[in-house]
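Peer 1: Each chain is listed here by its residues.
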Amino acid sequence: MSWIVRMIVVLPALAALVGLLCRRQRLLAAGVAISVSSYVAVLALIQWVAPSRSADIDTIGALPLGDLSVPLHLLSDRVSGLVSFVVALVVLGIQVFTAWYLRDDARYGQFAATVSLFAAGMLLLVQAGDLVPVLVGWEIMGWCSWLLIGHDSERHAARRAAYKAFLVTRVADIGMVVGIVALSVRARSTDLMAVLTATGSSTLLTVGLVGVVVGVAGKSGLVPFHDWLPDAMEGPTPASALIHAATMVAAGTYVVARLFALYAEDDAARTLLAVLAAVTMVYAALLALAQTDLKRMLAYSTLSQIAIMLSALAAAPAELGPGAGISHLLGHAFFKALLFLGAGWLSVLAGGTAIAAVRGRLRPTGALRWSMGIGLAALAGVPPLVGFFSKDTVIDAALEGATGGGGFRAWLVVVALFVTVVLTAAYCARAWLLLDTPVAATSALPDSEPALVAAEEVAVVTTADSADDAEVERVHAHGHAAITLPAALVVSVLAALTVVGTLFLTSLSGGVHVGVLSALLSLLLVAGGAYAVWFLSDRGRVDVADLVPDRLREPAVRGFGVDTAYVGVGRAVTALARVVVALDRDVVDAYPRATAVVARAAGRAGERGHRGVPSLSLLSLLVGVVLVAVLGVTAWR
Amino acid sequence: MIHLSLPAALAALLAGIGVYGVLARRNAVLVLIGVELVLNAANLLLVTAGSRPGTQLSAGPVLTLFVITIAAAEITVALAIILVMFRKAGHIDLTAVPDLTDDPADEGVS
Amino acid sequence: MALTLMLLLPLLGAIACIAIPGESRVERVIALGSTVVTALLAVVVVWGRHEVDVPWIRSLGVRWHFGVDGISAALVLLTALLTVAVVAHALSGPIPRGGTGSTFLGCILLVETGALATFMARDAILFFIAFEVVLVPMWVLVRRFGDDHVPDETRADAAGRFVLFTVLGSTLMLVGILFLVLHQGTSDLTVLAARHGAGLSHSLQVSIAALLLVGLGIKVPLWPLHTWLPSAHTIAPTAGSVLLAAVLLKMGTYGIVRLAVATVPYGVAQLSPVLALLGVAGILWGGLACLVERDLKRLIAYSSVAHMGFVALAIASGSETGLQAALYGNIAHGVVAALLFFVVGDLKEQWGSTDLHVARAALRDKAPRFGLALVVGLAAALGLPGLVSFWGEFLALYAAWSPAPDRPVALLRVCVVLGAVGLALAAAYSLRVARIVWAGEGSDTAHGVAAEPVADAHGARWGVVLTLVVVIVALGVLPHLLLGLSHTATTGLLSGLGVTP
Amino acid sequence: MKGLAIDYAVLLPALVPVAGLVLVLVADLVNPRLRRVPYAIAALAALGAAAATVPGLALGGGSTRETFCLTGRNPAAGAASATGATGSLPGVDGLPQVCLWQADALAGTLQLAAAVSAIVCIALAWPRTRRQRPDDSTREPVEAVLLLAALSGTVVVAASRDVGTWLVALELATLPVIALVALSGRRSAVAGATQLLVTSLVSFALLVLGVALWFAGTGSPFLTPDAALSSGGAFSGVPGTASVTVTQAAGAVVQPSVSGGVVALATVLVVAGVGFKLSLVPFHAWTPTAYAGSSVPIATFLATVSKVAALAALLVVLRAVAVLGTPAVLAIAVLAALSMTLGNVMALRQHDVVRLLAWSTVAQAGWVVLPLVSISALGVGASATYLLTYVVATLVAFAVVAVTLRDRPGRGRSIADYEGLWQRSPWRAGALVLALTSLAGLPPGVIGLVGKVTALRPVVAEGWVWLAVVAAVNAVIGVAVYLRWLRAVITEREVAEVGQGVGPELGPGVGPEGAPTQPGGESGGESAALPATRARPVAVVGLVLASAVLVVVSVQPDLLLRLLG
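If you read the protein sequences in the order shown, they are chains A, B, C and D. The first sequence lines up with residues 0 to 636 when you count with numbering that gives the first Met the number 0. The second sequence lines up with residues 0 to 109 when you count with numbering that gives the first Met the number 0. The third sequence lines up with residues 0 to 500 when you count with numbering that gives the first Met the number 0. The fourth sequence lines up with residues 0 to 564 when you count with numbering that gives the first Met the number 0.
Quick caveat, the hints were computed from the structure, so don't treat them as lab data. For every residue, glycine included, the Cβ atom is placed at its ideal position computed from N, Cα and C. Honestly, I wouldn't trust all of these hints.
What the hints assert, rightly or not - Okay, the calculated bits of chain B under chain D, using three or more residues with CB under 8 angstroms as the criterion:
(1) 13-27
(2) 31-44
(3) 58-66
(4) 83-91
Unchecked claim - Beyond 12 angstroms from chain A on every Cβ pair, some chain C residues (computed):
(5) 24
(6) 27
(7) 36
(8) 96
(9) 98
(10) 184
(11) 323
(12) 438
(13) 453
Using the sequences and the hints, build the whole thing.
Peer 2: This is the structure:
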């Protein structure tokens, strides 16, 4: 068993290495990437189906350190098995899809290798039974996201988005690193089991857990670190799918879930998590409603959904465990991968992902239309799709937490969840209506696209309409090959999984746990939200977002200037850096330079004093005698 | 018998005058005389110290003779150099900035 | 025997090289041969833990006592192997302008001799002498073979700064060593470490530690004694920069561990808050400076200041993990800085300058090998897990969070948080460089020569760079390779049992 | 004098130069046209003096070769000791048991150093065969006499233990040098000689005053610890304390008294007087003028033999007063700090290499007296050690300058003249690099580094932290000084200029007596390029000798350090 677990981690890494070496041979690269992904998926399936719970699978042996034990174990149980299976599955789908999607891209080999490395990072994190590998996987994903988002590095926007993504998450990782250090100091070990069972300073525990929450907030895009995620849409669509579906952004949920036993003991960290999650899920859902780009809308929906997962962990009662969060993670993985790949497919057909471009383009496509429909429905939480069950499991867990003495924290989450349910239904309905209503029906109406703002005006990439220009260019310049069967199959399979995914979840304890009342309530809310949009949009002829006053909408599209705030922080740090450089040059370095100047000046002065006049030298001699005499006699003891 | 502090005081006076002479005079010969005064102060001190009972080897007078001899040698060399100076520079003023220029042809004469 | 040979070989090679008049091929053979054999001998010596101990300067009680233990083993290997890389790299391209190849290679070999002797010296005064050996050859490398695009005064300034700062540091260190030696009656480092400060009054320990830390801190370099580093790095030829960053800076931190921590533990403990604060100041200062620095080589120099700050922080923690982190961080920075300087040096050779504000063609597609090496180097510089730097920095933070009992815990924990901020700064500047050089920020506006893609790495240079990349990844994935070497040694060092080879 | 035993074998180091001196005078009397013979005699005499010190040194550390012993004390090591007065007689007239000539390891080493330096100087000053100025009278015999006189003075002062001999010997070491400076023929030599003269007169006055005070304070003409301890003397009216044989350890502290103050003043005056000869700041002003004014070999002599004499004289006095505790150490510390700082700072600005070396000797003098803040065996030994390292390195540096000047007359005084030396004559450049790095205290000049270590040890042992820090700072400035020159040496020059010095066709300009006028660019004695048949210039031999010593002690510093025991 343990070799399977090890292979699950090692193989994708090797695939990345091999893929990098043979990146020029497109076929070989694709073959390696896809075959290894499928093999890993099979291995993960075995791990899931036949789990043997073991927490001490050796990897490279414990590190020989003084007072810190770093066993570097892997931990295998049903959760890690299931999550890695889903991750592997999504990665496999993305690899297959990419082989088609980037078939004309010169850097396909690098991309595929990076995806493999990314998968290795995620799988390491999933299998890790030790905080250090968690951190390793965590950061590897961050680095790969930089590579993937910046894939089209010819474009300024892509470079900037990649930079922003990595930097924002890395800033948040200050918390992650400090948190992990604090937790391992508390346990004198980085072993997960030791950390979970350690008893020690509760301050250290709070610091550790809060630190981890901050780190998670960065990677999972909780307020105030959320703004990198919509910008990350600059990456090719498969990259977005990968980042959003099951890996990087969801990794935070998994980490918190692994540490759930500790969180259950510490109210401060959980309250922080609850507040961040509640704010994020509502705020992101609202913004999703206003977006003018399909991919950005999906990005905001991801923010909202990730917050839902985390809110489950923040509100669920201790005895229920982290099942609800994991469950939503998995459900979300299916339908979000589906939606992104669908959006990628659609963008190839439509030549872009801006609403203006894709409006009504779904109708003539068969399988794609169905798939997107299923995806959006699952996102909205329509039964019997997986989204419904996983989300209602979360709601139920939160309710149980609220009624079971969770207090303010849990009630906040419950309220936010219900609000989010309405909003999610609303933006899903809007999206569906926009995509599916034939353009003919809307042509009579004036074009109400928001004006394109010059990129340099804010110096930001939030120029929402250009989210996937590379795509546009690619299509316009060369035309794009029609979708291949495997790629289409991937989308269909994902759609199917979205339908039946609930079955996966049942294998988790607490994975599907739907209360009748809360389910009914949420159904009502979903229906209400969808209906309201349908009604307001005049059956899809009007974009509901256009009903929002421009004054409000434009900033909303831009994420309310959070990016500007980031830039402001960046400017402040840069200004500080300039001060530092100035100080370095004019103060710190002044001492050595001053020494040199003084030495030279003293030399000059000395030269003036040593013109070679004998009487002067005599004078100095006598002065010296007096000096020496005074010193010598007075200091005589 | 003279108290020993009297010669000592005289020696101090002599030394002081000598130092003044060395410092105040510009003429090389006068500087030499200043030095001589200091040397004589030292001689006086030596003789005085040697005159007390118990001194070993009559060291006082002997040392005085030594000093006088060395001083004579010093003065010889000094006068020779002052002579050269007078020949080359035309004066024996010690405060004058000396001519330090060398013609390159001098190099390597050694 | 092997040890003596290993020390003498580069020295003889250097003398032979320098003595050969004019340009010929012989010195190339000599240089490469002696470095390769030295590297092989280094492996033998480290493997067998050789030691040599004969009297040298009897009247000063200085013995010709060299040996390898867990603390120095990795550094010895690093030095010996890296010199091979440096020589191979130098031979596969034109010798920098400024002098003959024989002088150039001779100086490299001399630096190797000095560094090896420093890392292996087991006698305090011998350590000091060896410490000084590298100065003149390195000065020659910077002064004569330095960047010929800058005016002569700039070269003089850079080279002079390097030597003068270091001499100040080493003389202060010497004063500290003499205090130590005179009060302990021996200069044998093994004995001194075994005494572990016994017999020294507390105030004396503090003053000795202060002298040693200031002296060695200049070499490390600790903030605010670092201002010699950027100019020296910028001006030095590639070989000089690599040796400077990868080997010479390590002599400072190694010296702190070997001389100060082992022999005056109480004094170091008293001064550890200062050391930690200076380390953190270096981390933040270097990181911030890198954010706006225009010259790529200067930028890497400032990043060195930041990385060595982590090492200082780790040493300040005083725990065993801390020492291991420090030693790991040393090696990590050595390898990473070497890689970056190799790559940047090669680029500078083609670009003529390393000004980041000049728009140039992106490396990513035009010179993918350089691009790969640069990206790996930058990733390592920002402490990416899975690469070598991560372990040093993470363990440093861990160690500082749970320091030895006699350290100020609260202060060190604040330092940990600030150090973590430094990690974010590292990410910011590394990616800034990657964005500009690798991804080609502004490459659209590049024109003229700058727009022309550079020739990619090939031949021996590519081999050197690739080897370093492999080492960075291998040590990042398998940290045991190094941690195992230093494990028992650090235990002995801290408990005062002495270090048995 | 009853019981005064004279052991001529012990006195040989002093007798040989004196004999040589007489021989030169006789030879000159016989044939006043001789030019090289006097030099040859002088060289042989110096060689003999060096050889004569060897037996004493070979005896090893603790033993002392004594003679001129006042009582019947058995000379410790005099092989053919005076048989007439074997230890039966007690002290005559209450005379202390003292030997007036005590050549211990320290004195012997200093004598050896002086003799070897003198040999090198003589080699450097070796007369040219072709007369440059027809009207030039034969100066060579005079120079040879003066050199030998100064050498014998130096040798004697190191071993003297009574004020009379001490004073005479010290002046014997000084006065001839003034004459030598004046004789060297450059126009600025007069200025240098005048300054040297005036300051030396004043310093002589100070020394005499100091000696008089010493005599007044102690009542004893001997420069021994016993005498210092007897400082009851004339003014306190308690004579006879001298007869109390004090064998206390050096740590004994004598209560301050009037005469104690007198002895202190005497010590201080002696320090000041000797400070002039060591060119310590503020007694240094003559140094650059005199060095620059005199010819290079004479400057070399000033920088080496005269320094040895001065330090030897100082050590004699300081070892005597060591028993009084720590007299005048603060003065020494201040002098050392001032000298190092001013010397280095001034040297930093010099373009003339001789002036640079002159200022560097000022700075090095500070390093030499630095260890004397601990007036103990450790401090005295360290001071002598540093002096030796300095002498060896300075000799090489001056020798390179001298050879370069001979090589290319008019070119070699400015630092810029040394550009490209590395290419022109690598061996000579190598010697210069070694010398400069030794002076700077950097490897490859290991001996300089060891010297630094040795010099700092007593300072640290006495806990003078501020002084150690000043020394550290000065080590830095010192490095800056020598690197300026070093930079020129390793800088490469245009090819056209390089060719000038190397051309073998310049070589065959052979003078009437068969020696080449141009030593050729490849001056290094090791250079195999020179045909063996060609006579090599003696100056190069001097350089080779000095360099060889430098190389040997750099590889094995113990050879030098152990001379001192």
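Peer 1: Quick check for students: does the CB of residue 323 of chain C sit more than 12 angstroms from each CB in chain A?
Peer 2: violated (6 angstroms)
Peer 1: Is it correct that the beta-carbon of residue 98 of chain C has no partner in chain A closer than or equal to 12 angstroms?
Peer 2: holds (26 angstroms)
Peer 1: Verify that the Cβ of residue 453 of chain C lies farther than 12 angstroms from every Cβ atom of chain A, and report whether the claim holds or is violated.
Peer 2: Non-interface label stands for residue 453 of chain C: nearest chain A Cβ at 17 angstroms, farther than 12 angstroms.
Peer 1: Report holds if the minimum CB distance from residue 27 of chain C to chain A is greater than 12 angstroms, and violated otherwise.
Peer 2: holds (32 angstroms)
Peer 1: Closer than 8 angstroms Cβ to Cβ for three or more residues is the test here. Does the segment 58-66 of chain B pass it with chain D?
Peer 2: holds (count 6)
Peer 1: Quick check: the segment 13-27 of chain B, covered by chain D? Criterion 3+ residues, Cβ under 8 angstroms.
Peer 2: Answer holds; 4 residues pass the 8 angstroms Cβ test.
Peer 1: Residue 184 of chain C: least C-beta distance to chain A exceeds 12 angstroms?
Peer 2: holds (27 angstroms)
Peer 1: Can we confirm that no CB of chain A comes within 12 angstroms of the CB of residue 36 of chain C?
Peer 2: The assertion about residue 36 of chain C holds, with a minimum of 31 angstroms to chain A.
Peer 1: Against chain A, does residue 96 of chain C hold up as non-interface, every C-beta pair farther apart than 12 angstroms?
Peer 2: At about 27 angstroms from chain A, residue 96 of chain C clears the 12 angstroms cut-off, so the statement holds.
Peer 1: How about the segment 31-44 of chain B: do at least three of its residues have a C-beta closer than 8 angstroms to a C-beta of chain D?
Peer 2: As far as the segment 31-44 of chain B goes, the hint holds, because 8 residues have Cβ atoms under 8 angstroms from chain D.
Peer 1: Are there three or more residues in the segment 83-91 of chain B whose C-beta lies closer than 8 angstroms to some C-beta of chain D?
Peer 2: holds (count 4)
Peer 1: Could you check that no beta carbon of chain A comes within 12 angstroms of the beta carbon of residue 24 of chain C?
Peer 2: holds (35 angstroms)
When held up to the earlier numbered hints, the structure conflicts with 11 and 12 and fits the remainder.
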